[in-house]
Each structure stands twice: as C-alpha cells, then as structure tokens.
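Now for the letters of each chain:
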Amino acid sequence: MSTSSNTGHLEEFSYNDKITKWFVGATMLWGVVALLLGVIIAFQLAYWKFNLGLEWTTFGRLRPLHTNAAIFAFVGNAIFAGVYYSTQRLCKARIFNDMLSWVHFWGWQLIIVSAAVTLPLGITTGKEYAELEWPIDIAIALIWVVFAINFFGTLIKRREKHIYVALWFYIATIVTVAVLHIVNSISLPVDLMKSYPVYAGVQDALVQWWYGHNAVAFFLTTPFLGLMYYFIPKAANRPVYSYRLSIIHFWSLVFIYIWAGPHHLLYSAIPDWVQTLGMTFSVILWMPSWGGMINGLLTLRGVWDKVRTEPVLKFMATGVTFYGMATFEGPLLSIKSVNYLGHFTDWVVGHVHAGTIGWNYMMTAGMLYFLVPKLWKTHLFSKKLANAQFWTATIGLLLYMMSMWAAGITQGLMWRQIDEAGRLVYPNFIETVVKIVPMYWVRAFGGVLVLLGFILMVYNLVKTIQFANAQNANKEEDVYAAAPLSAAQDEPHADAHRKLEGLPMLFTVLTLLAILVGGIVEITPSLLSDKFVEKAPHIKPYTPLEIAGRDVYIKEGCYVCHSQHIRPTASEKLRYGDPSVAAESVYDRPFQWGSRRIGPDLARVGGKYNDMWHYRHMINPRDVTPKSIMPNYSWLTKNKTNFKVIQKKLKVMAALGVPYTEEQIANAYNDAYKQAEEITKGLTEHGVPMSMANKEIIPLIAYLQRLGADSAKAKAEQAEQE
Amino acid sequence: MKKEVIASMDMSILPTIGLLLFLAVFIGVFLWSFRKGSKLTYEEAGLKALEDGEVVNSKGELQ
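Quick note, the sequences are listed as chains D and X, same order. With our numbering applied, the first sequence covers 1 to 722. With our numbering applied, the second sequence covers 723 to 785.
I should point out that these hints are in silico values taken from the structure, not numbers from a laboratory. Don't take every hint at face value.
[Unchecked claim] In silico DSS-like pairs for lysine-lysine, Cα to Cα no more than 30 Å straight-line:
| # | chain 1 | residue 1 | chain 2 | residue 2 |
| --- | --- | --- | --- | --- |
| 1 | X | 761 | D | 161 |
| 2 | D | 161 | D | 18 |
| 3 | X | 770 | D | 161 |
| 4 | X | 770 | D | 306 |
| 5 | D | 306 | X | 761 |
[Said to hold, decoys possible] In silico contact screen, one side only, chain D against chain X (beta carbon under 10 Å); selected entries:
| # | residue |
| --- | --- |
| 6 | 88 |
| 7 | 159 |
| 8 | 238 |
| 9 | 241 |
| 10 | 245 |
| 11 | 276 |
| 12 | 277 |
| 13 | 517 |
| 14 | 525 |
| 15 | 685 |
| 16 | 686 |
Don't be surprised by glycine CBs; every beta carbon is placed ideally from N, CA and C.
Chain X with its partners taken away, still in its complex shape (with noise of 0.2 Å):
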C-alpha cells in the first residue's frame, strides 16, 4: 500500500516543495530577527561572549 502510494506520487513536485519550505524559514527568521526592539538584546548577547566571568582568585601569572 505504502509502496503503490509513493509509487503514484509526482517526485517532480518535492523540489518546488522543498524550495518554498526553505523560503519559508528564511522569511521567518529574517523577520524575527529584525523585529522592533531587538537592537538592544543583540547587542548585549552579541557581548557576552567577551567576558570569561569574574575572576576572584587567579593562580599563576595572568597575561
């Protein structure tokens, strides 16, 4: 059964398929990221990547 229904499909139509999906995802996570008010939180996240944690007690020589 499951054979004779893969078998009957159009395979030509999985690219286009595919395609949109693609699209889809990408408008949506175009939007997302540029929606209102993002800037700030980027730009924080974007910073802490810089920052290892405080340091209380350090062994050996630091650069």
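If we strip away everything but chain D, and leave its shape as in the complex, we get (with noise of 0.2 Å):
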C-alpha cells in the first residue's frame, strides 16, 4: 500500500487518531457540565433558594462536583486529547497500545460518571480537591497507571531521537500525579463509601495542600506548558522561541511548584518554617512561570497578525496572557501580609477562574479549534462563531475576576476593621456577606457568558464534525514513514542534557527527585515526629455521637463554606477568640481547616450558642441570622442517623491511633443514643418531639456543640484555680 520509493529505510506506520477523537468529544460534554455546574453554584450563592429545596443540589455538595468536573473531567480529557495527539506526532509512532487507550479512555469516563453520582449524594471524603472516596481514588490510580504504560511505552518506541520540551512536561505530570495522589488518598476504610485518613490535623492539612497546590500544578499547569510548547509552534509554524529557556523553565518549575503548598496555610498552625518556606518558593515560581509564559508569547514574533484571524492562536496567546497574569497574582497572594486580607475571601475564588477560565479554558479552546479540522480533516465551520465566543468568554471571565477582586478585597477590609477603641467595626458576619451578594450577581453573569461562549464553540465544532463527515467517507488512517531509532547515529557533540533529553526512563527519575525533594523537606518532619503538634492533655477525642456528626459535617460540605481556624491575629481573636492551636486539631480525620469563610469560622462556635439554636439554624438559618445565605437543612430532621456503624467508625479511627479504649468502643452504640437523647430532651422543652433522637441533625448539634469546648473549659478552669 505504500507508494514511497524510499521505505527501505524508512518505517511505515499509522497514528492512533481515533482516540484523540474521543477525547476531543468528552472534553467538549464535560466541559459544558463543568461551566453549567459552576454556574448553578454561583446563581446559589447570589439566591440561596437555588438548590430548590433539595440536599443533593446544595452548594456544599455540588461545588465539590464542579471542581471536580472542572479540573478532572474537563480539564483532564483536554489534557489526554493533546496529550495523544502530540506525543504520537513528537515520537515519530503510533500510540503503545491500542487498547490501552480504549481503557483509559472509558476507565476515566467512568470514574467521572461515578463522582457525579457520588458527590451530590454526600459520599465524599472531606478533602477538598480530593472528595472521591476511596474505590474512586483506587481506580483513578489504576487508570493512571494505564496512561503512564501507553505513554512511556510511546517513548520506548518512537522514532524520533529527541525527546522534546512537550513531553517532559508531560512526563512531570504523569509521575507527579501519581505521587499526589497516593500519598494523599491513603485512608482506611469504614465501609465502601467511608474512609478516615491516615494523617490527622496539622499533618492531614500540610499533606492535604501539598497535594492541593500541587494538582494545580501538576494537572492544571504543566501539562498545559507542554500543550503549549507544542501546539503554539505548530500553530504558529514556527518553532518555539529559545529552546534553551523552555530548559531552564521546565527544571525550575518542577523543582519549585512543589515547595509552595504551604502558601494555603499562612498564619494557620503550622510551623513558622514551613510558612516561610513556603511563601519564599511561591514568590521565586513568579519567575519560571513568567518564563514559560514569555517563551510562548514570543513564539508568535512576526505572526501576531495571525493572532488577530486565526481562533487557534488568538486563544492560545490570551490563554498564556492570562497564565502570565494568574501566575503573577499567586506570588503576590503568598506574600504573608497580603494573604492575611486575601485568605479565605473570594479573592482567592476569582484567582483560581483566572488560571482556569483564563490558562485552562483558553488553552483548550485554542487547542481544540485546532484538533478537530486536522482530525477530521476538514475547516472550520465558522471563523465568526470562534470570535464571537472569544468575546463572549473574556468578557465573561473580566466579569467573574472583577466582582470576586471587589468582593473579596471588601470583605477582608471589614473582617479586620477595628476601631479607635479596640472593637470590630462589622461585629456581626453577615453585614459582611450582604455587602458582597451583588458582585455574586456580577459573577454569576460572567459565568453564564463563559458558559455561553463554550456552547457556541460546542456547536461551532459539532458542525464542524457534522460537514466533515459529509464530505469525506474514508475514514482510514494516513499511512507515516519515519526511519527507525536505531538508525539515528549518536551526535558528535551532543551534551549532557541532550543525552539526558534522549533517556526517557533516567529523566522521569531525576524529575522524580525534583519534585520529591521539596515534599520531603517540608512533610517528613511533620509526619514522623510529634514535636509540631505541643502536649495538650485537656484536648479529648470525640464522643462516638460527635464522631457520627463529624461524618455529617463532612457529608454535608460544610468546610466548603466555613472554615475552622483562627489565626493568630487580633481581628480574629476579637470575632472568633483564641487563635487555634495544633493540638486541638489532633483527633481532626480528616482536618476540617477549609479554605472559604463564605460563612463565619466555627473553630470555636461550641457553647457559643445554644442546642436549640443550632436546630433552628439548620431549620431556617434566617430564623435566627437574617439576611443568611445559607440554604434550610430540613432534610436533617428526616434523615435517620445510622446508629450500628458508628462502633466501626471508633474501631477505625482507634487503628489510626485516636486513643479509644475497648469500653469506649464496645459501649458506642450505646454511648451514641444516651448522648443523642440527652440533647434532643432539651430541645423538647421548646417543642421538638422525641422522635428527632434518632434524626442527623442531633449528631451534627453534639459536633458543632463540642468545637472549641475542650480548650474552653480548660481555660475556665484555669481561671477559676487563679
């Protein structure tokens, strides 16, 4: 079938395009379910009537659900889209195996469809970035683990002698992925759909954001660099502008990101060092960042008319635009000062849109306007449709960071307002809150135009397809030649690194050790001596009742509204009392810090109220705060609270250390009801019926009733000896 005169030589060979393909079309479904959640959640938080009522629509359950749509679903069938298409094309040769591919691809749709399920049911781990509950998280490995084989199995057997920029950044990604994401899931189980962490408090919190930070760096930005390394070129056809910076780029990065996890926890209670050390790397990665950003921009030297006509590039180049510009507000955001006004307000929200509406949502666009004419091999329906969602989506996304800048910004200059004599200026949480609703108006409006601008692209493309199809019926693949490895000679004067460049399996080890490096440095200390956490003997493990409120708070996504760490500073003393403390947070699996105070910190909310309170909260959160945004939990006095597995939950949690003794455990069930009915006795007294004893909202009562309380009674006590 060839019709090469030359193939004694050369290979014949095909590529695996049909794969892509698929990718292409799962990016585009789950990309519109991404934004569409995204801006569901939005409008809820404008309107809190918008979760109609229901707990599986509740901005705690489904905003775990966007962002992992977002980052996972969209983001990561984008990833293995440009992912396939390039590293066959780089590598000279067809994907390693066939129906690897079709594994992974149908494996990762199923995970998908699995959190969808899962999440709005309140099956979730509590970990933010990281909710999917173990059987998920085993699956995810094992499908990754079946990327990475076709992927290095691609580098073993290419054609081509020169492993480029693209796929180190891929290989970074695939290994470092891994990493993260077993050391964070390590958990034990309870049951299928309930696991406790191996790490507690302060241990689960540095572990929890290294990996946090971490997969946006790893899942949301170097893969993309290699995206971008590859198809701005190929877009641009021209190549990239150094090759020698897009070196320096990738090591410094690699070796950089992963120190700055701990920029997430600034002020919190972890050590000072590690702070430090963290807020110093985030600051220097302004550089590589700036860096890669830099090399892509100037790849379009004498091409910037194209950017003008051509959707492919006039994506790309404002994705990288916008990736210069998110990469130089997360330094400034790690910087301590200003990350005490920025931290747990909406500031932090519209940075984290900036990179993926801004880099992600971009990149994907560019690329895909891209793929589909070349895959399909056909042009684009329409030039008009891709401009109009460039307008539509950058607009959109200049709404949704200008409103969160202004909201976020706000609010953290009235949490922190004192005045002359020493007291808050906004006392009550919520003036704070009401101020901010109309700019959560603004933002929900930016999102329905990125939405919009997607949907556009959507159709744009299906009918880019739809032509395609038409007019071309053979749909078989194009035959390649390429001469085979062993032909290539070795380079009379190659270097180091570009020996290094050529040895797949010696590189992934050193980045491997790049990005090590830094985890060691700043978790080991932490996970293997006890010195971080100070003795504190009046902090008790929770009651087998508080335990099975704990799992309510959890299922409920409560940490993704309040936090649940004060932070050494006067303003919070003034709001919420004593900064928290490592060792309060000891018995934490998993920690519950939270990174958002869209409602108050509760690290200290025990005895503040009383039980009947917290009932009508739940209830009509208006009834007792006006103006709260925060949906009605009536379901929680429907819901039966399950009793039997408590005592497993207790044996679990003793296997991980938390010292219950053998009574404790035996009595739990027991234990659980005596508490349950206690409190539920003292909510008859204002006309609850007895029957509540065995609904959800007695547990979670018993949980928020004991936050704080063990260091509030061991500081009455202290006074009162004094």
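Reassemble the complex: the two chains are provided individually, in unrelated frames, and hints are given to aid placement.
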C-alpha cells in the first residue's frame, strides 16, 4: 500500500487519532457540564433558594462536583486529547497500545460518572479537590497507571531520538500526579463509601495542601505548558522562541512548584519555618512561570497578525497572557501580609478562575480549534462563531475576576476593621456577606457568558465534524514513514543534557527526585515527629455521637463555606476567640480547616449558642441570622442517623491511633444513643418531638457544640484556679 | 530514636537548605543549557516539533 520509493530505510506507521477524537468529544461534553455546574452554584450564592430545597443540589455538595468536573473531567479529557495527539507525532510512533487507550478512555469516563453520582449523594472524604471516596481513588490510580504505560511505551518505541520539551512536561505530569494522588489518598475504610485518612490535623493539612496546590501545578499547569510548547509552534508554524529557555523553565518550575503548598496555610498552626518556606518558594515561582509565558508569547513573533484572524492563536495567546497574570497574582497572594487580607475571601476564588478559565479554558479552546479541523480533515465551520466565543468568554471572565476582586478585598477589609476603641467595626459576620451579594450576581452573570461562549464552540465544532463526515466517507488512517530509532547516529557533540533528553527513564527519575525533595523537606518532619503538636492533654477524642455528627458535617460539605481555624491576629481574636493551635485538631481526620469563609469560622462555635439555636438555624438560618445566604437543611430533621456504623467508625479511628478504650468502642452504640437522647430532651422543652433523637440533626448539633469546647473548658478551669 | 533525632533538629535551617538546593539546580541547568556548541542542537530540537513524519499514503482530503 505504500507509494513511497524510499521505504528501504523508513518504517511505515499510522497514528491512532480515533482515541484523540473521543477525548475531544469528552472534553466538549464535560466542559459544558463543569461550566453549567459552576453557573448553578454561582447563582446559589447570590440567592440561597436556588438549590430548590433539595439536599443533593446544595452548594456544599455541588461545589466539590463543580471543581472535580472542571479539573478532572473537562481539563483532564483535554489533556489526554492533547497528549495522545502530540506524543504520537513527537515520537513519530503510534500510541503504545490501542486497547490500553480504550481502557484509559472508558475508565476515566466511568470515574467521572461515579464522581457525578457519589458527590451529590454526600459520599465524600471532605478533603478539597480529593473528595472522591477510596474505591474511586483506587480506580483513578489504576487508570493513571494505564495512561502511564501507554505514554512511556510510546516513548520507548519512538522513532525520534530527541524527546521534545512538551514531552518532558507530560512526564512530570504523569509522575507527580501519581505521587500526589497516592500519598494524599491513603486512608482506612469504614465501609465501601466511607474512609478516614491516615493523617490527622496539622499533618493532614500539610499533606492535603501539598496535594491541593500541586494538583494546580501538575494537572492544570505542567500538562498545559507541554501543550503550549507543542500547539503554539504548530499553529504559528515556527519553532519555540528559545529552546534553552524551555530547559531552564522546565527544571525550575518542577523543582519549585512542589514547595509552594504551605502558602495555603499561612497564619495557621503549622510551623513558622514551613510557612516561610512555602511563601518564599511561591514568590520565586513567579520567575519560571513568566519564563514560560514569555517563551510562549515570543514564539508568536512575526505572526502577530495571525493572532487577530486565527482562532487557534487568538485563544492561545490570550490563554498564555492570563497564565502570566494568574502566576503574578499567585505569588502576590502568597506574601503573608497580602495573604492575610485575601485568604478565606473571594479574591482567591477569582484568582483560581483567572487560571482555570483564563488559562485552561482558553488553551483548551485554542487546542480544539486546532485539533478538530485537523483530525476530521476539514475546515472550521465558522470563524465568526469562534470570534463570538472569544469575546463572550473574555468579557465573562473579566466580569468574574473583577467582581471577585471587589468582593474579596471588600470582605477581607471589613473583617479586620477595628475602631479606635479596639472593637470590631463589623462584629456581625452577616454584614460582610450582605455587602458582597451584588458581586455574586455579577459573577454569576460572568459565568453565564463563559458558559455561553463554550456552547458556541461546541456548536461550531459539532457542525465542523458533521460537515466533514458528510464530505469525507473514507475514514482510514493516513500512513506515515520515518527512520527507526536504531538508524539514528549518536551526535558527535551532544552534551550531557542533550543525551539526558534522549533517555526517558533517567529523565523521569531525575524529575521524580526534583519533585520529591520539596515534599520530603516540608512534610516528613511533621509525619515523623510529634514536636509540631504541643502536648495538650485537655483535648479529648470526639464522643461516638460527635464522630457521627462530624461525618454529617463532612457529608453536607460544611467545610466549603465554613473554616475551622482562627488566625493569630487581633481582629480574628476579637471575632472568633483565641487563635487555633495544632493540638486542637489532633483528632481531626480529615482536618476541616477550610479555605473559604462564606459563613463565619466555626473553630470555637461550641457553647456559643444553645442547642435550640442550632436546631432553628439548620431548619431556616434566617430565623436566627436575618439575611443569611445559607440554604435550609430541613432534611437533617428527616434523615435517620446510622447508629449501627458508629462502632465500626471508632474501631477504624482507634486503628489509626485515636486513643479510644476497648470499653468506649464496645459501648459506642449505647453512648451515642444516650447522648442523642440527652440533646433531644433539651430540645423538647421548645416543642421539638422526642422522635428527633434518631435524626441526623442531633449528632450534627453534638459535633458543633464540641468545637473548641475542650479548650474553653480548660481555660475556664484555669481561670477558676487563679 | 528517630523521633528524638528529628525533634532535636533545628528545623529553621531547612528553608536555607531548600533555597541553596534550588540555587544549585538553577545554576546547573543554566550553565548546562548554555554549553558551547549547543545552539545548533537546540535549534534542530525546536524544529522537530513541527514535523509529523513523511506522509506516504493519505486518505481523505488533507488541508
């Protein structure tokens, strides 16, 4: 079938583009889902009734679904589409195994569907960006290994000696995501749908944000930098501006990024030196990020006119520009004093979306506009529609970012405002919420524009594909030819890095080392030593009922809107009480420090209000806090507590090192029931029926009343003694 | 034993070690990439991304 005359030295092969096409389709589908979910929860913050009174559609449950859908479903499929397309071409080889490609594709879609089912049901680990429960975690690890085998297998059978820079970024992605996912997900199951992490409190916080920040780094950034290094030169038809810069960019970025996690924990109970380290490396990170941005943008030198007319370059140039902006804002936000203002506010939410919409969405759009016409061998249906998408998405994103800046800085300033007498100017938290609700409407509107733009693109691409299919009945694969790797001569003057670039396994090991150093220095001291947690014998493990209540708290995603960590500053002390210390979360598996205060901090809420206040607050928050934007949780008075599973939960906790006695475990069921009846009895005085004792609201009240109670009790006892 | 050793360590030295490590990596990579005679190899490497291989048998309509 060959028409070539020089096949003597060349091997014939074809690319598996079918798998790329399927990943392209999945990207379009999940992109719509992820953005739609984002728009829904944005409106829910603007108006609390938008969960329609249903437990499965509350903000607490849908926000994790939105983040998971955006990161792992939308961006994930986009990465796979780009990686499968470019790796084959950069290696001049067909993907290692077609069967594995299908296992990868369908396995990943199945994981997404299981996330979409479990998260609204409240099946969650309560760890941000790692909410999926252990059976799904195992599936993710397995499918990731399949992807890795397929990728590295292709590298090994490649016909191109040099491993191009885009592939280095893919290597870093595959290796690091595997390490992050496995280390952060280690947990002990209670049953099929519930597990507790092996880490607690401070350790869990450090591991979680090492994971969380590097999910941004190695899922949202490095693969897209790889895609940038491949698709921008391709679309501009000129090589990358500086290959040398890309080498420096790669090694600096993978080495530095992994250290930046602790900037999510500034002013927390983690050791000061870890905070300083996280902050310093976050600021340093600015440089490699901008090195990459400059390299991407300068690749367009000489073709800037095409940026105006070609959708591919237009979206990519915009994506790289937003990348530059987001990677300037990130280091800025990680400076401790700036972070004090921005942390727990919408500023961070705006920053994240500058990255995900500005960088990932725009780059993905550019890539899809490149891939679809190429894969289906046709021309884009409409450049005008692509242009319309560009403007709706850009304007939508700017509205999003600006409203979140305004909301975040406003709220942050209001929280810390103290008058001349040393009192809080806005002592009622709700005042600071009401003030920014108009911004929530602006944000939701911006989100609608971003979604609309995406739908325009999907329409445009589907039309392109339909047109191509009608025109082009022949779907056989093209045949390519290239010399085998064995024919390649060693270059006489190849330097050490040059050789390294040709040795995928050694390269992978070095990359692994670069990413492990940061984690080892920052995390292992806390895992191996108990020095980080001061001894505090007054902090006792949760009672069986409180454990059940804590799991209701996690199930409802309360941590999405409420933090449990008081920072050591005057305004926080005035508002919430003494700063949180590490010992106070030593039994917290997982830790629930949170990252956003849409509602107030709860670290010391225990004893602040009576049980009836909490009861009324859950049924209708506006009953006790006028203008509250929290939805009604009326189902908590209907759903039954599973008392039977509590004993098993205590057993697992004990296995993880929580000092429960044999007796406590043996009596878990009875103790829980007794405490539930006591609480309910108190409520009956206000007309609550005794039948409420076995409903979920009771353990939740027990848990909330326990928060900070041990420290308060110890403090009161100490005061008495004095 | 392990715990005691770690507990007695002065942790504040770790940030400095981290910073020095990075500096070493950065300088190393920088010097490496600017090695004499590497200009041509890198120019070639950059161009590699632009080729998909030689098409010997194309099906359907190519752009």
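Status of each hint after checking the structure:
no., hint, result
1, X:761 to D:161, "holds, 17 Å"
2, D:161 to D:18, "holds, 26 Å"
3, X:770 to D:161, "holds, 10 Å"
4, X:770 to D:306, "holds, 22 Å"
5, D:306 to X:761, "holds, 28 Å"
6, 88, "holds, 9 Å"
7, 159, "holds, 8 Å"
8, 238, "holds, 8 Å"
9, 241, "holds, 9 Å"
10, 245, "holds, 8 Å"
11, 276, "holds, 6 Å"
12, 277, "holds, 4 Å"
13, 517, "holds, 6 Å"
14, 525, "holds, 6 Å"
15, 685, "violated, 51 Å"
16, 686, "violated, 51 Å"
Hint violations for this structure: numbers 15, 16, all remaining hints satisfied.
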